[in-house]
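Enquirer: Here's the letter readout for the chains.
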Amino acid sequence: MRQQPLFFLAVSVLIIIGVSMMWLRHDRLGIPLLPENDTPVWLVEARIDFVALGDETLASLSLPDDPPGYRIISEQAASPGYGFSRVNGSPGRRGEWSKREATGRQTLYYKVQFAPGQNGTAQRNGSAAPPSEPQQIIWEEPQATAAADLLETAMRRSSTPASLTRELIKAVQSPNDQNAALLLDQHSPQQLVVRLLNQSGVPARLAMGLKLEDARRNQSLQPLVDVYIEDTWHLYDLERGGQEGITPNTLVWHRASGPVLEVMGGQNSQVRFSMMRQSIPALDLAQSQASADEPLGYISLYQLPIEEQGMLKLLLLLPVGALVVAFMRIVIGIRTSGTFMPVLIALAFIQTTLLPGLTAFLTIVGLGLLLRGYLSRLNLLLVARIAAMIVLVVLLTGLLSVFGHEMGLNLGMTITFFPMIIIAWTIERMSVIWEEQGAREVAIQGGGSLLVAIGAYGLMQLGVVRHLTFNFPEIHLILLALILLVGQYTGYKLSELYRFRSMAEQD
Amino acid sequence: MLASPAALRSRGLLGMNRRNVAYISRYNERRLYPLVDDKKLTKERAMRHGVATPTLRDVIDTQHGVRDLGERLNHLSRFAIKPSRGAGGKGIMVIHERDGEQFLKASGQALTLDNLQRHCSNILAGLHSLAGAPDSVIIEDLIEADPYFESLSVEGVPDIRVIIFRGIPVMAMLRLSTHASDGKANLHQGAIGVGLDLASGRCIHAVQHSRRVHSHPDTGVDLNHIAIPDWQNLLTLAARCHDLTGLGYLGADIVVDRNRGPLMLELNARPGLAIQIANGKGLLPRLQWIEAQENIPENAEARAGMAMAEFGERIET
Numbered sequence: 001m002r003q004q005p006l007f008f009l010a011v012s013v014l015i016i017i018g019v020s021m022m023w024l025r026h027d028r029l030g031i032p033l034l035p036e037n038d039t040p041v042w043l044v045e046a047r048i049d050f051v052a053l054g055d056e057t058l059a060s061l062s063l064p065d066d067p068p069g070y071r072i073i074s075e076q077a078a079s080p081g082y083g084f085s086r087v088n089g090s091p092g093r094r095g096e097w098s099k100r101e102a103t104g105r106q107t108l109y110y111k112v113q114f115a116p117g118q119n120g121t122a123q124r125n126g127s128a129a130p131p132s133e134p135q136q137i138i139w140e141e142p143q144a145t146a147a148a149d150l151l152e153t154a155m156r157r158s159s160t161p162a163s164l165t166r167e168l169i170k171a172v173q174s175p176n177d178q179n180a181a182l183l184l185d186q187h188s189p190q191q192l193v194v195r196l197l198n199q200s201g202v203p204a205r206l207a208m209g210l211k212l213e214d215a216r217r218n219q220s221l222q223p224l225v226d227v228y229i230e231d232t233w234h235l236y237d238l239e240r241g242g243q244e245g246i247t248p249n250t251l252v253w254h255r256a257s258g259p260v261l262e263v264m265g266g267q268n269s270q271v272r273f274s275m276m277r278q279s280i281p282a283l284d285l286a287q288s289q290a291s292a293d294e295p296l297g298y299i300s301l302y303q304l305p306i307e308e309q310g311m312l313k314l315l316l317l318l319p320v321g322a323l324v325v326a327f328m329r330i331v332i333g334i335r336t337s338g339t340f341m342p343v344l345i346a347l348a349f350i351q352t353t354l355l356p357g358l359t360a361f362l363t364i365v366g367l368g369l370l371l372r373g374y375l376s377r378l379n380l381l382l383v384a385r386i387a388a389m390i391v392l393v394v395l396l397t398g399l400l401s402v403f404g405h406e407m408g409l410n411l412g413m414t415i416t417f418f419p420m421i422i423i424a425w426t427i428e429r430m431s432v433i434w435e436e437q438g439a440r441e442v443a444i445q446g447g448g449s450l451l452v453a454i455g456a457y458g459l460m461q462l463g464v465v466r467h468l469t470f471n472f473p474e475i476h477l478i479l480l481a482l483i484l485l486v487g488q489y490t491g492y493k494l495s496e497l498y499r500f501r502s503m504a505e506q507d
Numbered sequence: 001m002l003a004s005p006a007a008l009r010s011r012g013l014l015g016m017n018r019r020n021v022a023y024i025s026r027y028n029e030r031r032l033y034p035l036v037d038d039k040k041l042t043k044e045r046a047m048r049h050g051v052a053t054p055t056l057r058d059v060i061d062t063q064h065g066v067r068d069l070g071e072r073l074n075h076l077s078r079f080a081i082k083p084s085r086g087a088g089g090k091g092i093m094v095i096h097e098r099d100g101e102q103f104l105k106a107s108g109q110a111l112t113l114d115n116l117q118r119h120c121s122n123i124l125a126g127l128h129s130l131a132g133a134p135d136s137v138i139i140e141d142l143i144e145a146d147p148y149f150e151s152l153s154v155e156g157v158p159d160i161r162v163i164i165f166r167g168i169p170v171m172a173m174l175r176l177s178t179h180a181s182d183g184k185a186n187l188h189q190g191a192i193g194v195g196l197d198l199a200s201g202r203c204i205h206a207v208q209h210s211r212r213v214h215s216h217p218d219t220g221v222d223l224n225h226i227a228i229p230d231w232q233n234l235l236t237l238a239a240r241c242h243d244l245t246g247l248g249y250l251g252a253d254i255v256v257d258r259n260r261g262p263l264m265l266e267l268n269a270r271p272g273l274a275i276q277i278a279n280g281k282g283l284l285p286r287l288q289w290i291e292a293q294e295n296i297p298e299n300a301e302a303r304a305g306m307a308m309a310e311f312g313e314r315i316e317t
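Residue numbers (our numbering), protein chains in the order written: chain A, 1 to 507; chain B, 1 to 317.
The set of hints was computed from the structure by calculation and includes no laboratory data.
Do not rely on the hints blindly, as some may be mistaken.
What the hints assert, rightly or not - Listed next, with one range per pair, are the computed distances between beta-carbon atoms: (1) A/399 to B/52: 53 to 63 angstroms; (2) A/494 to B/200: 32 to 42 angstroms; (3) A/462 to B/285: 37 to 47 angstroms; (4) A/19 to B/59: 51 to 61 angstroms; (5) B/232 to A/490: 27 to 37 angstroms; (6) B/246 to A/439: 37 to 47 angstroms; (7) A/494 to B/52: 34 to 44 angstroms; (8) B/243 to A/505: 36 to 46 angstroms; (9) A/399 to B/6: 46 to 56 angstroms; (10) B/112 to A/399: 28 to 38 angstroms; (11) B/280 to A/490: 17 to 27 angstroms.
Claimed, not checked - Okay, derived cross-link-like pairs now, DSBU-like style, lysine-lysine, Cα gap no bigger than 35 angstroms in a straight line: (12) B/90 to A/493; (13) B/184 to A/493; (14) A/111 to A/313; (15) A/493 to A/313; (16) A/313 to A/211; (17) A/211 to A/111.
For each residue, glycine too, the CB sits at the ideal point set by N, CA and C.
Construct all of the structure, not just a fragment, from the sequences and the given hints.
Expert: And the structure:
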């Protein structure tokens with residue numbers, strides 16, 4: 001017991017620092033200790049990338065203009081060496097970056113914060129001047145006949161522009177409509193509806209919306225149908241069928257004629273969006289930090305680009321998983337295959353949600369074990385076998401995605417979050433354990449890993465935990481102290497009380 | 001269903017956390033681990049310290065060397081193939097005899113040269129080693145079990161696990177394989193653990209699957225009458241294992257060969273806790289007694305003598 005006092009001193013110091021910093025930041029900066037779900041603020045970052053050709057460069061991005069359901073709190077453009085201005089013109093509100101000479105890869109940022117609710121001037125878009133005429137639509141054969149056919153059927157079933165829109169959306173989405181199928185070869189459903197409406201004399205255009213989801217990166221805009229009916233513009237989201245309106249989490253970014261992004265003097269341009277949810281005080285904090293030189297602010301993560309914040313949000317959950325693993329293995333005595341594999345699985349579950357993730361994981365590992373049984377007969381060297389396993393796991397993932405999609409399950413994306421190489425190794429180890437120690441051991445270790453993973457997932461997906469780990473990074477000092485304490489636990493594991501039960505019975 | 005922690009504590013039972021923190025990490029220096037984790041090194045050391053081990057016949061370090069495995073094995077018919085850095089007895093293949101082109105395991109299962117080559121290349125690739133690190137294959141003589149031991153078990157050779165703390169043997173158990181354990185000597189796979197009196201080498205308690213047993217389920221041998229011959233020599237050999245590694249807390253697996261007497265099979269820097277179930281006793285009181293000793297004799301015989309005097313059955317009952 002020689003270093004005991006020093007050890008406990010260190011642990012208490014860690015805890016004291018952690019707790020007092022949390023309290024200070026809570027008290028001085030007003031970061032709430034509990035997540036406040038009622039007033040979320042969305043921080044959206046648009047990132048424009050292009051390759052400049054060496055001359056004057058002008059990048060023009062359509063900016064959201066009073067989107068329905070949201071109000072803009074602040075906006076800000078960051079782009080070294082560029083002049084930036086906002087232009088309100090006939091093609092709607094646009095941001096323009098300009099530079100005399102630019103060469104090579106260029107990256108421009110535009111950050112904007114939204115809160116739910118409306119600006120006073122609701123429906124300003126709606127009252128905006130209508131386009132003088134519906135656009136002229138020209139089809140080639142055989143599309144022309146199909147379009148005319150489709151339009152005629154929809155016209156017959158409707159009486160007003162609104163009902164016509166509804167019927168057109170239904171027709172475009174109907175899987176059996178031959179005409180629609182032909183036309184969809186060349187146009188997206190939204191484009192097709194817009195063209196057909198214009199053809200029938202109803203002014204319509206494509207709008208672009210962004211689906212808001214916490215900590216997403218690399219997102220692109222989704223097309224929406226905007227129809228001019230009775231002196232106002234009405235939005236239709238095809239995901240809602242023929243119903244008017246958009247889902248509450250859709251932010252309308254672009255609602256004017258013209259392209260979303262236009263770059264002069266550059267090529268290969270693209271715009272991608274990252275977003276994240278914050279609570280109001282966190283926002284105030286971010287602003288106060290920008291101005292005041294509050295020493296505590298240095299430890300804050302809010303100044304980072306949103307893309308990185310989103311990643312950190314996930315990374316900062318890892319220590320929680322590590323603590324769960326340490327506790328489960330040392331105090332409870334659950335055996336897992338691969339020490340921290342459960343944390344990685346739990347992290348994947350966070351992205352996929354539990355049930356689809358669990359199904360996908362079990363299916364892949366189960367099928368993998370079957371295939372591994374065959375591989376073991378091929379007499380391969382270990383490294384080659386694992387490499388082969390990785391290929392098979394990737395193929396299985398692809399197959400499952402296709403299968404899941406066919407059956408209408410949205411497994412597709414979810415499986416790709418799993419760490420393939422870890423899965424391949426898991427399959428290899430499980431199969432060796434199976435050969436050497438029997439199926440029971442596989443069940444114990446596999447089940448143990450899953451149990452720990454689910455436990456870690458349960459904790460990591462709690463709103464409070466996510467809020468605390470991200471907004472109070474110093475909480476990780478406390479986690480560290482707890483892990484150190486668990487590491488000093490010399491009592492019996494729960495599993496040992498069972499293992500050695502016969503020792504207590506005898507006299 | 002569950003034992004109460006207090007009951008286990010009162011029996012001096014050593015739990016895994018306490019073993020790791022208070023004994024292994026305190027008395028076993030990390031840098032010494034390779035000496036026991038790598039059988040090649042262990043054998044070299046053992047030879048220098050006069051600890052008898054099964055004779056080493058061949059070492060394969062490269063995948064290239066696996067190709068001429070057939071020629072390497074030409075003059076051998078009874079041998080064991082082991083990973084040099086295998087963990088937990090994994091990857092050990094024991095060949096009892098040859099039948100033409102085929103190699104027979106103890107269970108009678110026939111293997112081809114192909115099977116053996118695959119096994120060797122798996123070992124080299126690190127399938128059985130800790131963390132999958134590349135490994136080498138060692139081929140050594142099969143132990144010719146002492147007739148007395150041969151009568152005790154089926155298939156595999158019975159071995160004796162001794163826990164040695166600061167060079168003093170602390171507890172010993174004889175492991176008998178059964179049909180249920182597939183010739184393996186692992187207690188959790190169904191082998192029988194026979195707790196041995198340190199003073200005499202006699203059976204004091206025997207368990208299978210954590211339950212007390214009195215006879216071997218396959219051979220019917222009365223376990224209570226087991227007494228290990230030449231016990232003092234065996235304990236001395238165990239005590240000497242401390243000298244060759246320098247590890248404070250150590251497990252030694254010892255077999256008795258009919259020609260060569262006690263042989264050290266392998267060493268373990270993290271010996272398991274099942275030995276306590278086999279003995280029906282906890283390790284803690286004995287470990288604490290040794291921790292309280294100020295002078296530990298240099299001489300292995302003297303340390304074995306200390307164990308026989310202190311930890312014999314008559315003192316504790």
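Enquirer: Does each hint fit the structure? Answer for all of them.
Expert: Comparing the hints with the structure gives:
Checked against the hint of 53 to 63 angstroms, the C-beta distance between residue 399 of chain A and residue 52 of chain B comes to roughly 57 angstroms, which is consistent with it. In this structure the supplied range 32 to 42 angstroms holds for residue 494 of chain A paired with residue 200 of chain B, their Cβ-Cβ distance being about 37 angstroms. Restraint check, residue 462 of chain A to residue 285 of chain B: a C-beta distance of roughly 45 angstroms satisfies the suggested window 37 to 47 angstroms. At roughly 57 angstroms, the beta carbons of residue 19 of chain A and residue 59 of chain B sit within the given window of 51 to 61 angstroms.
Distance hint check: the CB atoms of residue 232 of chain B and residue 490 of chain A are about 34 angstroms apart, consistent with the given range 27 to 37 angstroms. Between residue 246 of chain B and residue 439 of chain A the beta carbon distance is about 41 angstroms. The supplied range of 37 to 47 angstroms therefore holds. The given range of 34 to 44 angstroms is respected by residue 494 of chain A and residue 52 of chain B, whose C-beta atoms sit roughly 42 angstroms from each other. The supplied range of 36 to 46 angstroms is met by residue 243 of chain B and residue 505 of chain A, whose beta-carbon atoms lie about 39 angstroms from each other.
Between residue 399 of chain A and residue 6 of chain B the C-beta distance comes to about 55 angstroms, which sits within the given range of 46 to 56 angstroms. Range check, residue 112 of chain B to residue 399 of chain A: about 35 angstroms between beta-carbon atoms, so the 28 to 38 angstroms window is met. Range check, residue 280 of chain B to residue 490 of chain A: about 23 angstroms between beta-carbon atoms, so the 17 to 27 angstroms window is met. Of the pairs offered as hints, the one joining residue 90 of chain B and residue 493 of chain A holds, with about 25 angstroms between alpha carbons and a cut-off of 35 angstroms not exceeded.
Of the supplied pair hints, the one linking residue 184 of chain B and residue 493 of chain A holds, its CA atoms being roughly 27 angstroms apart against a limit of 35 angstroms. With a C-alpha separation of about 19 angstroms, the suggested pair residue 111 of chain A and residue 313 of chain A falls inside the 35 angstroms cut-off, and the hint holds. Of the pairs offered as hints, the one joining residue 493 of chain A and residue 313 of chain A holds, with about 33 angstroms between alpha carbons and a cut-off of 35 angstroms not exceeded. Restraint check for residue 313 of chain A and residue 211 of chain A: satisfied, since their Cα atoms lie roughly 19 angstroms apart, inside the 35 angstroms limit.
Our distance criterion of 35 angstroms between C-alpha atoms is met by residue 211 of chain A and residue 111 of chain A, whose separation comes to about 16 angstroms.
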